[in-house]
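Enquirer: Residue numbers (the working numbering), protein chains in the order written: chain A, 1 to 798; chain B, 1001 to 1169.
Hints listed in this document are in silico derivations from the structure and should not be mistaken for laboratory results.
Some hints could be false.
The calculated lysine to any residue pairs, modelled on SDA-like cross-linking and capped at a C-alpha distance of 25 Å, are [stated by the list, open to error]:
(1) B:LYS1113 / A:ASN130
(2) A:LYS136 / B:ASP1047
(3) B:LYS1077 / A:GLN135
(4) A:LYS434 / B:ARG1028
(5) B:LYS1027 / A:GLN44
(6) A:LYS129 / B:GLU1127
(7) B:LYS1113 / A:HIS190
(8) B:LYS1077 / A:ALA176
(9) B:LYS1027 / A:ASN171
(10) A:LYS129 / B:LEU1060
(11) B:LYS1166 / B:CYS1132
(12) A:LYS26 / A:ALA205
(13) B:LYS1027 / A:ALA435
(14) A:LYS434 / B:LEU1060
(15) A:LYS136 / B:LEU1060
(16) A:LYS129 / B:TYR1070
(17) B:LYS1077 / A:GLY506
(18) A:LYS434 / B:PRO1025
(19) B:LYS1077 / A:SER175
(20) B:LYS1113 / A:ASN171
(21) A:LYS375 / A:ALA176
(22) B:LYS1027 / A:GLY159
(23) B:LYS1077 / A:LEU191
(24) B:LYS1105 / B:HIS1145
(25) B:LYS1113 / A:SER175
(26) B:LYS1027 / A:SER42
Predicted model only: the values in this text are computed from it and were never measured.
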Amino acid sequence: MPDVKFTVDGKQLTAPAGTLLIEACKSAGIEIPAFCYYPGLSLQAACRMCVVRIEKMPKLQTACTTPVAEGMVVTSESPEIAQARKSTLQLLLGNHPLDCPVCDAGGECELQDMTFKYGAGESLYAEAKNHREEQKWSPVVYFDRPRCILCYRCVRMCGEGMDVFALGIQNRGSSAVIAPNVPAQMSPDHLAHVDCEQCGMCIDACPVGALTSGAYRYKTRPWEMNHVTTVCTHCGDGCKTTLGVRSTSDGAEIVRGDNRDKSGINGDFLCNKGRYAFDFANAPERITAPLIRQTDGRFKEVSWEEAFTHAGRKLRELRDARGGQSIGVLGGNRLTNEEAYLLQKFARTVLGTNNIDHHRTADYVTFAQTLAEQKDRTASWRDTQTIPAALIVGGDPTNQAPGTAWNLRTDVRLNKARLYIANTAEIKLRRQAKAFLQLAPYGYGALAAYLAGDEAVAQSAAADANALTSFRDAVKAEEKLLILIGSELRGTDLRRLIEFGLTIPGARFALLSDYVNSRGAADMGLLPDMLPGFTPVSAPGAFAEQNLPTAPGLDLLEIFEAAGRGELSALYVVNSNPIARYSVDPAALKNTFVVVQEMFFTETAKLADVVLPAANLYEKGGSVTNSYGDLQLVQKAGDRAGVRSDFEMIVRVADKMGADIKSLVPFGKAQPGLRADMGQSRGAQAGEADRHAVWLTANNLEPKLSPFDPWAILDEIQRLVPGYNLLRLQLLSGNDQHLEPEAAASAVTNRRDLVLPSGDTLFTSGTLGRFSATLNETRQYQTGEPLIQIHTAAEFGS
Amino acid sequence: MSEIANSIFTPATAARFDHLVTIYPVKRSALVPMLLYAQDEVGYVSDAVVTEIAQRLDLLELDVRNVLSYYSMLRTKPAGRYNVQVCTNISCMLRGGYEILDHCKHKLGIGHKEVTADGTFSLEEVECIGACCWAPAIQVNYDFHDNLTTVKVDEILETYRAGQGKDVK
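Isolated chain A, as found in the complex:
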């Protein structure tokens, strides 16, 4: 679009033709107030707050619906405009209660701000206010009718943004109300309810306190919290989230999950889990003291020192007596990259074993190997917002990766992106698709082969041969294409699909997994045959300096098979629950020494000999990598007395085993490869280290480079792990950066398929979901209410 020149308040501005005046002014630093305008949603012009004077136009005009034009002369603030806005506010306040002192939005309210600015504190209206009682629309969405200013943001957010359409406007004039889709007269409890995905985006968009969150309402005030920006711990999208934290007698409690700054990779979006399901951290069931199993089989609370000494001594004895190959290590999908890296290094260098694995939710090894020696072929999550076309094979983003679904919907709405969806189920995203191909049951492999040119398998890919052909032709005609792959495709199928995609020069790939750091766990080498960066154990490359065992170890299932045969002397489990997940017979572990780092008494923790109470992702710092390979900073928000980070616990156990900690974690000065800015102790820059420490503290980071400092390991990751040559400033300033795997190509095509999708939906989240009261209540609500239809959409795909 060509640029146009126009004048606002005497300033010469330029903006592309078609830009809305309100946006053009915003870019130039001129704020025009608005309640109903919301970037990216359709225009409403309902609130009349954004009125400005445009020369040659007879009346004040709404800046939110006026595109800039050549030679336009605009006044954004004048006594006339102030008076108009003040009158608007008076009308709005005519029916607005004066309950700011108790309202959740108090202090963060756009109406409050505007009233302060334009001074409409006194009203000319004497009519009685139209009061209605507060309504509980669902466990997480509450509606306070009197506070509503009818800006329609929630209605558009729910319909256009979420494709749910649960909210509407009913009645007329001053009695108009926002109404949910389950009316009171049809509801069994005679109260109005919402049948929706419970994402809470309506609450986020609400400029006032009309829509409030069930998890947060009346708990605290915005200025009483610390706001920590970190990454959501739930699905593989890794949304940036801001946690509101408040001090308690035993730590710091998270009281709100929010998306305040909207600067993250997820833009405006947070889903139900990101917004409400932080409460597992506050759950009373958390283990808050180390436990050792006594000879009578019962757990006894012990001191940290005793627990570490016991675990370290036993592991050392077993390693020395029966060899490292007799020990298994299982890591989690919600560890930071630094912890995952440390865990595999601990397993390989201290325990001396390659028997290390994690619960895999996508085949990243094949993904990385197939894309070996390719450049710019992996997609960042950011691409889903802008790419002109996307092929989505398998998966169900709406339920498994809601942020991805949000971005794709937005891309379709704003950029007219073309989605091609192939799935065995009628996933919800098909409603935005240009073409939806219904696959035959288990038809993914056949589809991959068909796309790659094997006509013979057409029958087993899809019943409708014509649809299949036109689908392939349409996909092949795209020049820039995002190929988004669900975890259904693994091994040969995945390889084939990627190889087909590589024939399209502008195609980029992403493979969806289920947990916040599933990708990181694979990248960091929680695999029996792969070192970090998908480096084969047999060809360790840069890792040769660590003298690692070169024979592949046992995978997760083989570890438990070995235990069943009595060949497993010890099992070290960090943040994982394989017993429940893989339905392992607990008896298999009866002769194995089991150490478990865990938040809750999971099925696995119950079998442990030593239980070390662990912090969760909201209680530590580090970095995580999402499904797409985007690296982001995790910062410590909550805190709970009696728990420690997995990082610290691994180091302490290694120490008690007698390991050389300086070679495990290269902390302190003068370590080879240390890249952290240590500052200088003398000369012109003396004192820099102190300033650096101040900066680190201000940013919630560990100020000292101690053996428990994840940044010390980050140095090593950056130095040794292929594909992790990251930009530290980008990471530490809270921005995302896309990393491409740099795996070596492999001829091995028949790796064992150990991918087990989590089966999580919008309202479950593995172990964390089980201990989130809000999530459980929401799930019960969704399944219990007979008029709720959404849960049916939420259930499949598992």
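Based on the hints, put chain B in the right spot on chain A.
Expert: Quick look at chain B alone, frame taken from chain A:
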């Protein structure tokens, strides 16, 4: 032949609806006429009416309710056999519209949007019905009565009570 199986409407109305959806550039434009015809047939817009109309127009029930609640001439509860609508907008007001309304309230023993116990009459205070030249005016079902006095109103109500007025339902 109705396009909806088990339509709640009479075959004639169902056929009319089938036709209605075909004559607008977008289907949902048929919503308001459909609601009015449905109300004339059923007497009010019931939940079942909402469900079927939503189905016919590929709308969510919520969309139908949004529109339904906007228009005051659409009702979600049964009215009396004769729905007396008294205009109190400016012309009628100046010529005694409120007297007429109060008289009706007194005479029928019901208030705004209420129905007599025997279900014969219901009363509504409405905005302008377009009979300003002959104010004050009332509308009973679809019939106008103008240049009213309280005496005339009594006569009109008696006529209806005797079953001689037009009964659209």
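Enquirer: Taking the hints in turn, state whether each one holds.
Expert: Right, here's what the structure says about each hint:
Note on LYS1113 (chain B) and ASN130 (chain A): the hinted pairing holds, with a Cα-Cα distance of about 19 Å set against a maximum of 25 Å. Taken as a hint, the LYS136 (chain A) and ASP1047 (chain B) pair is honoured in the structure, with Cα atoms around 22 Å apart against an allowance of 25 Å. Only pairs whose Cα atoms come within 25 Å are accepted, and LYS1077 (chain B) paired with GLN135 (chain A) is accepted, the gap being roughly 23 Å. Note on LYS434 (chain A) and ARG1028 (chain B): the hinted pairing holds, with a Cα-Cα distance of about 23 Å set against a maximum of 25 Å.
With a C-alpha separation of about 23 Å, the suggested pairing of LYS1027 (chain B) with GLN44 (chain A) holds against the 25 Å cut-off. Proposed proximity of LYS129 (chain A) and GLU1127 (chain B) is supported: the alpha carbons are some 22 Å apart, at most 25 Å. The suggested pairing of LYS1113 (chain B) with HIS190 (chain A) holds, with an alpha-carbon distance near 22 Å, which does not exceed 25 Å. Taking the CA atoms of LYS1077 (chain B) and ALA176 (chain A), the gap is about 19 Å. The hint holds against a cut of 25 Å.
For the hint linking LYS1027 (chain B) to ASN171 (chain A), the alpha-carbon distance of about 22 Å falls within 25 Å, and the restraint holds. A hinted pair counts as satisfied when its Cα atoms are at most 25 Å apart, and LYS129 (chain A) with LEU1060 (chain B) does not qualify at roughly 31 Å. For the hint linking LYS1166 (chain B) to CYS1132 (chain B), the alpha-carbon distance of about 23 Å falls within 25 Å, and the restraint holds. For the hint pairing LYS26 (chain A) with ALA205 (chain A), the CA-to-CA distance comes to about 19 Å; that is within 25 Å, so the pair holds.
In summary, the hint linking LYS1027 (chain B) to ALA435 (chain A) is supported, as the alpha carbons are separated by about 23 Å, within the 25 Å threshold. Distance check on the hinted pair: LYS434 (chain A) and LEU1060 (chain B) sit about 22 Å apart at the alpha-carbon level, within 25 Å; holds. Simply put, LYS136 (chain A) and LEU1060 (chain B) have alpha-carbon atoms about 22 Å apart, close enough for the 25 Å limit, and the pair holds. Of the pairs offered as hints, the one joining LYS129 (chain A) and TYR1070 (chain B) holds, with about 20 Å between alpha carbons and a cut-off of 25 Å not exceeded.
Taking the CA atoms of LYS1077 (chain B) and GLY506 (chain A), the gap is near 60 Å; set against the 25 Å cutoff, the hint is violated. Taken as a hint, the LYS434 (chain A) and PRO1025 (chain B) pair is honoured in the structure, with Cα atoms around 22 Å apart against an allowance of 25 Å. Distance check on the hinted pair: LYS1077 (chain B) and SER175 (chain A) sit about 19 Å apart at the alpha-carbon level, within 25 Å; holds. Annotation: proposed proximity of LYS1113 (chain B) to ASN171 (chain A) holds, straight-line Cα distance about 16 Å (limit 25 Å).
Between LYS375 (chain A) and ALA176 (chain A), the direct Cα distance comes to roughly 56 Å. Violation of the 25 Å bound is thereby established for this hinted pair. Annotation: proposed proximity of LYS1027 (chain B) to GLY159 (chain A) holds, straight-line Cα distance about 19 Å (limit 25 Å). At roughly 18 Å between alpha-carbon atoms, LYS1077 (chain B) and LEU191 (chain A) fall within 25 Å of each other, so this suggested pair holds. Proposed proximity of LYS1105 (chain B) and HIS1145 (chain B) is supported: the alpha carbons are some 17 Å apart, at most 25 Å.
For the given pair, LYS1113 (chain B) sits about 17 Å from SER175 (chain A) by alpha-carbon distance, which is consistent with the 25 Å threshold. Between LYS1027 (chain B) and SER42 (chain A) the CA atoms are separated by roughly 21 Å; this keeps the pair inside 25 Å, and the hint holds.
In the structure shown, a violation is registered for the earlier hints numbered 10, 17 and 21, in ascending order.
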